[in-house]
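Listed here are the chains, written in short residue letters.
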Amino acid sequence: MSSKLKLATVWLDGCSGCHMSFLDMDERLLELAELVDVVYSPVVDAKEFPDNVDIALVEGAVASVDDEKKIRKIRAHSKMLIAMGDCAITGNVPSMRNPIGAEAILNRAYIENATIQPQIPCVVVPELLKVVKPIHEFVKVDVFLPGCPPSADTFHAALTALITGEPLDIPSLTRFGA
Amino acid sequence: MTEAPFEVKTLEIDGREVSARRGQTILEVAREHDINIPTLCQMEGLSNVGACRLCLVEIKGSNKLLPACVATVSEGMVVSTNTERLQKHRHNILELLFAERNHVCSVCVSNGHCELQSMAQDQGLTHVRMPYRNPNLPVDASHERFTVDHNRCILCTRCVRVCGEIEGAHVWDIMGRGIDSIVITDLHEDWGESSCTRCGKCVQVCPTGALFDKSKIGSDHPKYPDFLPYLNLMREAR
Numbered sequence: 001m002s003s004k005l006k007l008a009t010v011w012l013d014g015c016s017g018c019h020m021s022f023l024d025m026d027e028r029l030l031e032l033a034e035l036v037d038v039v040y041s042p043v044v045d046a047k048e049f050p051d052n053v054d055i056a057l058v059e060g061a062v063a064s065v066d067d068e069k070k071i072r073k074i075r076a077h078s079k080m081l082i083a084m085g086d087c088a089i090t091g092n093v094p095s096m097r098n099p100i101g102a103e104a105i106l107n108r109a110y111i112e113n114a115t116i117q118p119q120i121p122c123v124v125v126p127e128l129l130k131v132v133k134p135i136h137e138f139v140k141v142d143v144f145l146p147g148c149p150p151s152a153d154t155f156h157a158a159l160t161a162l163i164t165g166e167p168l169d170i171p172s173l174t175r176f177g178a
Numbered sequence: 001m002t003e004a005p006f007e008v009k010t011l012e013i014d015g016r017e018v019s020a021r022r023g024q025t026i027l028e029v030a031r032e033h034d035i036n037i038p039t040l041c042q043m044e045g046l047s048n049v050g051a052c053r054l055c056l057v058e059i060k061g062s063n064k065l066l067p068a069c070v071a072t073v074s075e076g077m078v079v080s081t082n083t084e085r086l087q088k089h090r091h092n093i094l095e096l097l098f099a100e101r102n103h104v105c106s107v108c109v110s111n112g113h114c115e116l117q118s119m120a121q122d123q124g125l126t127h128v129r130m131p132y133r134n135p136n137l138p139v140d141a142s143h144e145r146f147t148v149d150h151n152r153c154i155l156c157t158r159c160v161r162v163c164g165e166i167e168g169a170h171v172w173d174i175m176g177r178g179i180d181s182i183v184i185t186d187l188h189e190d191w192g193e194s195s196c197t198r199c200g201k202c203v204q205v206c207p208t209g210a211l212f213d214k215s216k217i218g219s220d221h222p223k224y225p226d227f228l229p230y231l232n233l234m235r236e237a238r
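The listed protein sequences derive, respectively, from chains A and B. Heads up: the first sequence at position 43 corresponds to 43 in the working numbering, and the numbers run straight through without jumps. Heads up: the second sequence at position 39 corresponds to 39 in the working numbering, and the numbers run straight through without jumps.
These are calculated hints, taken from the structure and not from any lab test. Keep in mind the model is a prediction, meaning the values are calculated, not measured. Be careful, since some hints might not be right.
[Unchecked claim] Keeping only pairs whose Cα atoms sit at most 30 Å apart, straight-line, the calculated DSS-like set for lysine-lysine is:
(1) B:88 to A:79
(2) A:6 to A:140
(3) A:140 to A:69
(4) A:47 to A:4
(5) A:140 to B:88
(6) A:69 to A:4
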């Protein structure tokens with residue numbers, strides 16, 4: 001058990017499509033499970049991001065104060081950080097609010113379009129950042145895996161190469177919007 | 001002494017000795033010899049403007065990089081098209097193009113058919129190091145058949161050139177300077193109210209999803225710029 005690598009997957013501001021595509025590896029997940037232990041993920045029951053993670057796959061852009069806190073912690077506790085998918089790498093769909101601003105979006109959703117009790121949520125939910133940014137604008141990213149989402153084959157090829165230390169040519173596997 | 005019309009020049013491109021006719025561009029000669037120089041604004045059948053700078057090449061003995069689409073050959077020229085320095089510049093140019101406007105490939109009509117997207121992949125781009133500018137740009141959907149989304153425009157000016165040079169209408173032009181430049185129809189009137197002839201050539205030559213056909217949905221939007229050299233050929237034959 002202890003010889004296995006510790007893998008974490010994280011869901012920031014994204015649609016979870018990257019995680020779905022990751023799960024689309026299907027039976028190849030069993031192969032992967034021989035090599036890694038999933039120590040933290042939306043699909044496992046761990047509340048806190050653990051120490052000494054070997055590989056962290058991060059989906060989603062940094063859009064709130066909570067996302068920012070999380071990505072800094074993930075970086076501090078992970079040997080290798082992989083930006084998974086276009087949201088983490090470019091901001092993608094979550095960043096489409098940037099030209100008009102967080103305030104305009106909140107007003108539209110919670111005031112203008114509300115039929116009862118129009119109010120902008122301010123308790124429990126984290127405050128939105130003014131600008132949605134890719135994760136590499138906050139922390140160092142080791143591997144960029146573009147795609148919306150990256151395909152299951154891309155995940156399999158990339159993770160296999162990264163775990164075994166074989167060469168990895170990402171542009172031959174995937175691209176923005178793939 | 002007058003020069004012969006087909007005076008031959010001999011030069012070297014990437015270590016290969018090649019011959020060319022006087023007045024040919026470095027890009028033309030390279031392509032004749034299957035040497036790939038990346039381009040975005042250049043298009044077969046239109047004039048060359050050297051706008052995108054992707055085709056910059058190194059000339060031995062000169063510190064200046066030259067755009068291969070407009071630089072003409074000369075005798076004994078030694079050209080390098082793919083040095084580390086050029087690769088670095090091409091990377092930077094592409095990253096600046098992505099950072100300058102709001103290119104969201106995943107929701108673009110041209111996803112999978114976009115020259116900027118595939119160029120980024122060809123050049124090995126996996127992320128953009130510059131902060132995104134996130135400008136607030138308009139979308140003009142006033143035209144009955146077509147839409148212009150300025151978020152996706154890279155200012156290659158293909159639309160301006162095809163409208164002026166091939167259609168002869170000169171509806172498209174550029175307004176403003178530098179980073180504030182924008183393509184406009186007529187004197188910045190709505191496209192739908194402009195003197196547009198509705199020929200659609202600008203849409204077909206647009207390398208990104210900036211100009212698109214309203215009748216196409218989702219990302220099913222391949223473009224067919226191949227009509228252009230064919231059209232020119234037919235006109236010459238007449």
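Going down the list of hints, with the structure as the test:
Of the supplied pair hints, the one linking residue 88 of chain B and residue 79 of chain A holds, its CA atoms being roughly 28 Å apart against a limit of 30 Å. Simply put, residue 6 of chain A and residue 140 of chain A have alpha-carbon atoms about 19 Å apart, close enough for the 30 Å limit, and the pair holds. Under the criterion of a C-alpha separation no larger than 30 Å, the hint pairing residue 140 of chain A with residue 69 of chain A is consistent with the structure, at around 14 Å. For the suggested pair residue 47 of chain A and residue 4 of chain A, the alpha carbons sit about 21 Å apart, so the restraint of at most 30 Å is met.
For the proposed pair residue 140 of chain A and residue 88 of chain B, the alpha carbon gap of about 20 Å is at most 30 Å, so the pair holds. With a CA separation close to 28 Å, the supplied pair residue 69 of chain A and residue 4 of chain A stays within the 30 Å bound.
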